[in-house]
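Order-wise, the sequence lines are chains A and B.
Quick note on this note's numbering: the first sequence kicks off at 20 and runs consecutively.
Quick note on this note's numbering: the second sequence kicks off at -18 and runs consecutively.
Don't read these hints as lab results, they were simulated from the structure.
These numbers were taken from a predicted model, which means no experiment stands behind them.
Do not take every clue at face value.
[Claimed, not checked] Here are the simulated lysine to aspartate or glutamate pairs, DMTMM-like style, with alpha carbons at most 20 Å apart:
#	chain 1	residue 1	chain 2	residue 2
1	B	Lys71	A	Asp77
2	A	Lys109	B	Glu91
3	B	Lys72	A	Glu130
4	B	Lys327	B	Glu277
5	A	Lys205	A	Asp77
The primary structure of each chain is shown beneath.
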Amino acid sequence: MAIFNLKKREIECKIVYYGPGRCGKTTNLEYIFKTYKKQITGEMVSVDTEGDRTLFFDFLPMGLGKIKGCDVRVQLYTVPGQVQYTSTRKLVLKGVDGVVFVSDSLEVRREKNMISLKDLQQNLKEYGSSIFKIPLVMQHNKRDLIKQGFPIMSIEQMEKDLNRQLKVPSFPASALNGEGVGETLKECLKLTLKSFKKEMNL
Amino acid sequence: MSNYVLSGNLKFLSLGDVLQFLGSNASTGVLHITSKYVQDPGLIYFDNGNPINAQVGPLLGLDAVNSLFGWADGEFEFSEEDVTAEVVIKKSRMEIILDGLSMLDDGQIEKVGPLSFEEKSSDVSGITSTLPVIRGPLVDYMYVVDEEEAYAGTNIVKEGKHGSWFWVILEGVAEIYRETPKGPLEILRIGEGAFIGSVASLLLLEGNVRSTTIIAVDNVQLGVIDFRRLSVDFLRMSNELRNITISLDRRLRQITDMVVNLYLKKVRTDDYIEGKEQLIHQGESEENLFAIQEGEVNIVRHTENGYVPLANLYAGDFFGHVPFLDIGQEPYSASVFASEDLETSKLDAGILQKEFDQLSATFRHLIEFLATTVSATTLVASDIQKKVDEQNI
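Excised from the complex, chain B in its bound form (with noise of 0.2 Å):
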């Protein structure tokens, strides 16, 4: 640990300018070299200045020392020491910075490091918006494991993009939008704590494909969650709560395509509700939370301006009250309407809670803010289908 006499990081100091400083100093040793972004550490073995050997992975000597110019991102680390390496590499030090910088802007050798942000977005600029912003509890650094910067007005996420990043917001605001056919519509606001990125997407089974386009308002600082970390608690997760998590991520997706819907005028309310009998009444007090097992559940609002639907749910999905997570839909905002053929189980909901207590805040935070985005977007579709309704008057 403590023979390291120099140290850095790649993006402040490229490779190339590593191996001419360790050059010009004559320099004997083994270079260490780290990225989150790949999994087996680099080694560069250095006699007198010059490169000798070098392995990254299964790659050996000068292959690996290319391979090495594509990592943008990544921590070095020299060690003084005496190196018995075999003399693999026999080119001279220059030659193997100009040539790897040269294969490197060729795209012979791949490049290794964070997305960019660069992509500007296009039309949605000059909207200006009086949604409140939804945060979230304090971060755990624990869980981060880099620092990421979207500068203002550029996208986070691009709706129709695959991803499977999570990230927290350490920093600034952030919009969410859906593409319409008639323009982008913006549905929520996002400041600190909040959390970008689906659960689904732990499911590696599923889909990774963002369902909204996520702009930085102002300068948005990003924290990286580790998704590792992220993986195993979700796998310790026991089915059932690990459904109604799932579940609840799919009712964001569902409402998010309703408030779209609404925007777009093509719901007919009437259709969801017809031929189903009324389960739970909307203010009703209802104690249980039940898992379908088979049949069809529709989850509708009702406000002053009609009914509001909110969510279709079928078997694996569950409804009711859930008594540690606050969803602003049934019982006490919203009805329940089943189809004929609907069977259910109930769920302890006293085990969930304290499941859900042991969790990491990590993940605690993540499912309370999806269950908060749950009950925002709740209320901008009950807004938007009152816009609607008063255009039409």
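Just chain A, with the same shape it has in the complex (with noise of 0.2 Å):
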């Protein structure tokens, strides 16, 4: 649920990506960071947290279009798997308004993807959202690694392992380089506003 800020006379709303560890939350934030600078007010916050680091900063997307007369401010998030971070995911998570889940195309991570989107699903029960609900869109990272010979999955594969049941929008990308990640993104806001607008009865 977005907050409306009347002082601004600015929609905020709070899109977070989620997936296994190293798997690319971290490269897609900075790729957008760097890439849209123009549109973002405020610095990157980055915290160290075990194994990953939690990523925060907002912008004001160009061409979105105003909603009554508000502009829509983005809050860019990414949230620490590990299992000690309870806090940290609380606040990520509460009041999400949508969520871009990064998978990690390399075989061996292929479980981790999985666990990821469970516990995904998990949190968002437990901060009284749903992942069926949500808007929900998936991003099949690292595809660049099979040009450096590394074994990576095929995307039906991963269609089939994480997307069977959601049937959300999916994208390729490495985002290493940026490709996919301008896609992924303006899915996910896509589908946010949809949301919203369908909510309010626009």
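Join these two chains into a complex; the hints should help.
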């Protein structure tokens, strides 16, 4: 549920990047921060959490238009997957408006992907949301690794593993060089705004 | 007082949420946070939604803000005002929040809050009880600083664990258990108005090890008693009344030990009274109250199944007739046996009675409840001895 900031005439919405450790959530956000710098008002906050970093920044995406005369400000977060970071996870996932699930194409990470997705389902449930209802986009990351000879899973297999029931939009990506990063975010924003408008009967 | 524009409890809205809210509202002013678990209040100064300085006791700036993330329970109030505090904190709002929370989860920030009752008790379920429930008088809310809930089946206190907190039961029923080699033994059931906690812990020198396990039978609403007020009352008492209170608490522990020993058939009554002189005969009228100076006294109850030893008293303890308390033992319901070297002094029951009547209602109720539990446990001891005897036949 987004926050309406009447003082600034803005709608704040929250999009969270979720996924197993070192799948490329942070790389996604770093790429967005670099590429859309002009639209980003604040600093990028980076917090070292064990095994992964937690990132945050907010920006005003261009071309999204206004809702009821209010600009839409987007807060982007990554969330630490490690069990012990419950307080951080709670703050990040509370009132989340849209989720990007980043999966790791490396064959050896297959199980980690599935565990993380299940984890996401559990966490969303805990904070009063549902994986089936929330605007969700999937990104199969690290497609470029095949060029370096690493064994990676086929898109078909990953879809079967992760997206069989959810049937949400999904994108192949190589976050390191930016491929698929913009598309993923755009789709997630589109779904999130659509769900807002539906909620507000616009 | 009146310039508070936002207030609430951290249990409902965490510090992270409050900081985000004040941030997106671009508020300028001071956030005051108090917690009964911490002596000093916390202050965070905001300029245009951003924390610029803070203080908690000796901690200043960012360290102070970080420590506040550990306060799981506390009241906050935001007052809108011009802030002149020096800008010490340069970190962005979200960085403070995310950093603080990850430090909390990493265990780098001390957690401050109520004890949790999460721990489930193990093997006592399935024991159905027929014991009556002991209740106390109406609760004086002046002495209740907080309310807590213990869910059905959870431990309120655990035998052998340390703890000095006092609670009064506001709603619900709890069972008192002792661990024994033959499994947990139920001793008493307590309900509304019953106190949980030992007077001995008010004597800061004495151990504060819980002597029994108390388990919530249904969801129990507990009132946390103001320990400091109780201590002040206790310190203001005359030495005589204080000694009687402590001795009564000791007697409760002894009689509870005795219940366990009787249950385990580890008691030989004869050893208790051998070589001792009977000082007070059960049922005899004895108007006097004595303090033991030297020697030893045994309190023994005579039942149709024989003698039930109740307590072993030494220097500092009292025995005899306490006009304002019914402890269900001597002189009417138990006999007193004395060692040869016994020396006593007589206490003035009238003066004690006057002092007792002037105590705070809560402390009076506490002592009365102590006496009632001594009396009830005495009956439990007699009962257990009877059962053990019957099994032997």
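Okay, the hints, checked on the actual structure:
The hinted pair formed by Lys71 (chain B) and Asp77 (chain A) meets the criterion: a straight-line CA distance of about 18 Å does not exceed 20 Å. Taking the CA atoms of Lys109 (chain A) and Glu91 (chain B), the gap is near 19 Å; set against the 20 Å cutoff, the hint holds. At roughly 38 Å between alpha-carbon atoms, Lys72 (chain B) and Glu130 (chain A) are farther apart than 20 Å, so this suggested pair is violated. For the proposed pair Lys327 (chain B) and Glu277 (chain B), the alpha carbon gap of about 16 Å is at most 20 Å, so the pair holds.
Of the supplied pair hints, the one linking Lys205 (chain A) and Asp77 (chain A) holds, its CA atoms being roughly 15 Å apart against a limit of 20 Å.
Comparing the model with each earlier hint shows a violation of hint 3 alone; every other hint is respected.
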